[in-house]
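The residues making up each chain are set out below.
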Amino acid sequence: MSSLRDPRQSIQYMLHTAVYDICFSPCGGYIAAANKFGNVALFSLTAALSPSVQDEAKCPVYTFNVYKNGGIYSLTSTETELICAGEGDIQAYQWADIIAKNPKIVWALSIPKKGVFSHPEINSCVIDSSSDKSTLYAGAGDNNIYAWDIESGEYKSCLTGHTDYIHKISLKDNGQGLVSVSEDGSARIWDLRANEISHIVKPFEHEMCARPDLGKWLQCLALDEDNYWLVLGGGPTMSAWHLNTLTPTVTFDTPGVAQNVAMFYEDKIFSAGNSNVLNHWSLTGEHKMAVPLSPTAVYSISINDKSKSNKVMAIAGSSGYVDVCTNFGYKAFSLSFLHPSVY
Amino acid sequence: MSSETDVKKKRLLKSESAPGVSEPKKTKTEDKAMPASEEEEALHRDPVTDLQSFQASCDFLRSSIKNIKQLKLKANSSAEITAVRTDATIHFIHMKKLNRMSHFRCRKVRETTNEAKHKIDQCHLQLQNLLYEAMHLEKEITKCMEFKSKDEEIQLVPVEEFYKHAPESVSKPEVTKSDDHQQMLARLEWELEQRKQLSDQLTKTKSDKEKMSEEIQSKQDYLDTLQPKLSDVLEATRPVQDYLDMPYDRIREEHEKAQHLPVPLYVLYMQASAYREACDKCLHVSIHGDVDAAKSLTSFTFEPEEDSDSDAEDQDKPESKRRRKNQEARKLEKKNRVLKKHPLCVILDLNKGGDAELQLTFYYCLALNIITVNVKVASEAKLKTTCISGGDLLSPEQILDELYPGDHGNESPNVANHYELKKYGLQEMSTYIPLIGRPYLWCQWMGGLQFLKKEVDKAEKDTGSEEADADAPNVTTVRAKHAVSAANMQRTITLLRERMRARLCLLQQLSSLERGIIPISAELLKLYPAKINAHLSSWKRSTYDDLSQLPQADRFIKAGLVKETDLVFIAVIDRGSAKLTAYIVLTANCPQVAPLFILDIVYHSHRTALNDVHVKEMEEEVNLHYPELLLLPPLVKGESSPSNLAALFAPHVGRREQAMTRARDQLLPGQVQRLLMCLDVYLETDTPASSAVPLEIPKEKMMPRTSRGPSRAKPYKYVPELGIFTHRC
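As they're listed, the protein sequences go chains A and B.
The numbering used here applies: residue 1405 is where the first sequence begins, and numbers increase by one.
The numbering used here applies: residue 651 is where the second sequence begins, and numbers increase by one.
Calculated directly from the structure, the hints in this document are not laboratory data.
Everything numeric in this text was worked out from a predicted model, so none of it was measured.
Careful: at least some of the hints might be erroneous.
[As the list claims (entries may be wrong)] Ranges of calculated distance between the beta carbons of each label pair, as one might list FRET restraints:
#	chain 1	residue 1	chain 2	residue 2	range
1	B	Ile1182	A	Lys1537	47 to 55 Å
2	A	Ala1500	B	Lys1190	54 to 62 Å
3	A	Glu1609	B	Asp1224	34 to 42 Å
4	A	Lys1560	B	Ser1198	53 to 61 Å
5	B	Ser1198	A	Ser1535	58 to 66 Å
6	B	Ala1028	A	Gly1660	51 to 59 Å
7	B	Pro1370	A	Thr1651	45 to 53 Å
8	A	Gly1660	B	Gly1226	16 to 24 Å
9	A	Gly1660	B	Asp1224	20 to 28 Å
10	B	Pro1370	A	Lys1508	36 to 44 Å
11	B	Gly1166	A	Gly1660	32 to 40 Å
12	B	Gly1166	A	Lys1710	56 to 64 Å
13	B	Thr1215	A	Lys1508	41 to 49 Å
14	B	Lys1190	A	Thr1649	58 to 66 Å
[Said to hold, decoys possible] Lysine-lysine pairs mimicking BS3-like chemistry, simulated, CA-CA at most 30 Å apart:
#	chain 1	residue 1	chain 2	residue 2
15	A	Lys1517	B	Lys1349
16	B	Lys1208	A	Lys1462
17	B	Lys1351	A	Lys1517
18	A	Lys1472	B	Lys1367
19	B	Lys1208	A	Lys1472
20	A	Lys1606	B	Lys1351
21	B	Lys1213	A	Lys1462
22	A	Lys1735	B	Lys1208
[Unchecked claim] Some chain A residues flagged as far from chain B (calculated, every beta-carbon gap over 12 Å):
#	residue
23	Ser1534
24	Ile1593
25	Ile1601
For every residue, glycine included, the Cβ atom is placed at its ideal position computed from N, Cα and C.
Just chain A, with the same shape it has in the complex (with noise of 0.2 Å):
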């Protein structure tokens, strides 16, 4: 599709676009970057990293169209499959057909549909592989969360309670539980045994990290690997609450700017949101370093922890770029959508 675009054009869309989501590839060796346009740009993360660098490895090795129409909202992967999810259908990729240019869909899966007029996005996917058998769930636009099972893509259930459209989901407690945020302001933690909600959580309600003036909405959210540490961010000042407790004990102050994604790391908390700086935090509330980004807007932070050589933290959002961190504390390069030969 691009190749029909004059060079004018394509800067033009390589200037509007955003990337939504970023994937390290199983093997750790490339990065998988979905954009607004419904493009995955597949880059090589050894070529980029290898001492003679040229320009040419920071632009994709390769680019595939998976949405006509629509942006890709979230990319999954699994030992063999990449998982697109946005404006249609989920579809699977081989990461193995993708790195040899020749990528086919394996399988897809479509939101049962309630309404002409209903195309609800996908926003946040998940895989719990914890059991015998693995199951999709999908943060949906028409605010349920859907369960399929992989291997058969057999539709298995549907998690409704929302009042607008699912940000993001995360598992807990090895695939027994799962978080939503969502556009409507709450958070909640669904028991999956039972498929049944147990908590809900209303940040804007709360005098400690409510911002009337930004709006309600959750859209950050991340859970630490004990389980203990619940970071809800949004239009609320973004927050830790004690899981046990439900209760708000620490807030990280980005006065003005929503945090969009957030992350836990060791012993610190990367967030990201409507500008263009990666906060650093402690899990105190500290704020330890703001590092400048490229993009105005973050809407995805990964850390490759696939590979040790290759370890290193890739940050998208509202730009054609994406930054790629080796040392956590600056951005090291930048990789780009399109192609230099176009300038």
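Following the hints, put chain B in place on chain A, whose structure we already have.
This is chain B only, laid out in the frame that chain A set:
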């Protein structure tokens, strides 16, 4: 007594001393006194006897004297003395007479002698005369002898021929055969006759010739008078030709002129005429300029070697003062020579008689081997008047900028020119553009000149530079090719047309926008909601410099989407306390390249794409998703809309593509309208859900969802069928 004797003695002595001589004297002196008889007597007497008588007298006297003396000595002998004396006296008288006689005689002899002498003299004179006469006659004779008759010079017919041809009456053989002289006379006569005849013939022929030449002259005069009449007739038929649209004469004249065009312009002219003939009647091609100058220039060859030689001399020789003084003048002259244009030019009128005429005057630079163009836009006054922000859209400098991508016409497409100009100490091409016109690439193509592109021939350029320095005729290596011109003609003419049309259209749109009215055609209006609350409050011209100050414009400038040559406008859109400032960048080939919008919203806070993704999304709506603003004709199977541009640059612009370009004309107003709509959506969804403060801008639009996806995108897309706003998905 004694004294008397003394005297007598003396007398005697005297007469005695010269008796012979004194006698004639005596006769002379006594001529009167003496009767003539004595003279005659003297003549008759014999002198010899006189001499003897004289001697006898003398002897007597002597003896008498001696007697006297002896008598004297004898004393008293007087008587005797007297007697002797008397005798002596008688003798004395006789002696006297003799003396006289002798004198007479002498005189007589003298007279005769004189007489004889006189006679001799006369004779001598006569002799002399005669001798002279003789000599003269001799001379005359020799002269006569030497006389050459003219007839000898005359070349006569040979004798045989003469007898053969001459009539008997002239030749008279019986006489002439024997007599050479007569023969000659006859021959001469015959010659004369013949010559007379020939002479007559000559005069006759001459008169004939004169008559004929007179006749010719009169005929010539007649023909001459015919020419103006014929041209009058031709002139008179012009209106008919025009009326019938058959301008044969003009075409013929033009073609004649075209013979004197330089090759590239000829190619241009020919191809343009051919194109006009075949496809495009609105095109008007003509040749202007001084044909005579062109004729004299046909032999023009630019000789850089010659000049370079003189340059070399300059360096070699110690510069004289005169030289230095002239250097300025020479430089100017050199410049004029290098930049010399051919006196003829080809004028292309597009849209003759239309709203606005585009007149292109093509010149050919002889030395630089490039074609330059001067642009003239003649638009009707009404178009120019109202538009302030786009006043320079039709300026000759701007209108044809980037007809083909990157072609600003600022530098010579002929790389060799760079070196050439440098060699002559001139500046870069761009300095002389007001002088010679703009050398756009497409001008060269139209003239069949194809130069290597600058980017491609970097290596060649380097090697070429040495050559160019060594021998400058490199300039002429590029020759005009018809194929090049033919391949580009249609495309270029179409582009020129399109450009002109697009500019006029844009001008109208701008003047409308300045008044705050967004000129959306009725059929397109249905693409937008009926009620739009935001309104365009101002439309102004801005500059690239102002734009480059904006941090949010940085990424566009870095990406090369905004260039210094682009036109920048500022539109201010208001709704309530919110103010949207849109910087709109129009490239030269707008709307083929969609206008670029860079936004800036002031609503509670200052928001740009850098701090608000929704502003960025709004930019995306107008900058990227503009094709849906146009009622594009149905797509051909397998074609996707973003390839519109590619289709536009295709050599054959089909009907669909033309319709597409027409549709693109509506792009700018469509984008502005879209922006108003997006601002409404932006402001109406900018309300925090949990906010307790009363909203300034209530949600009026139908929106099934106000945000979607990780970026919480706003529903900027309008669905006209349902009248709702949705997300782009």
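- Message: For a quick check of understanding: which of the numbered hints are violated here, in increasing order?
- Response: none
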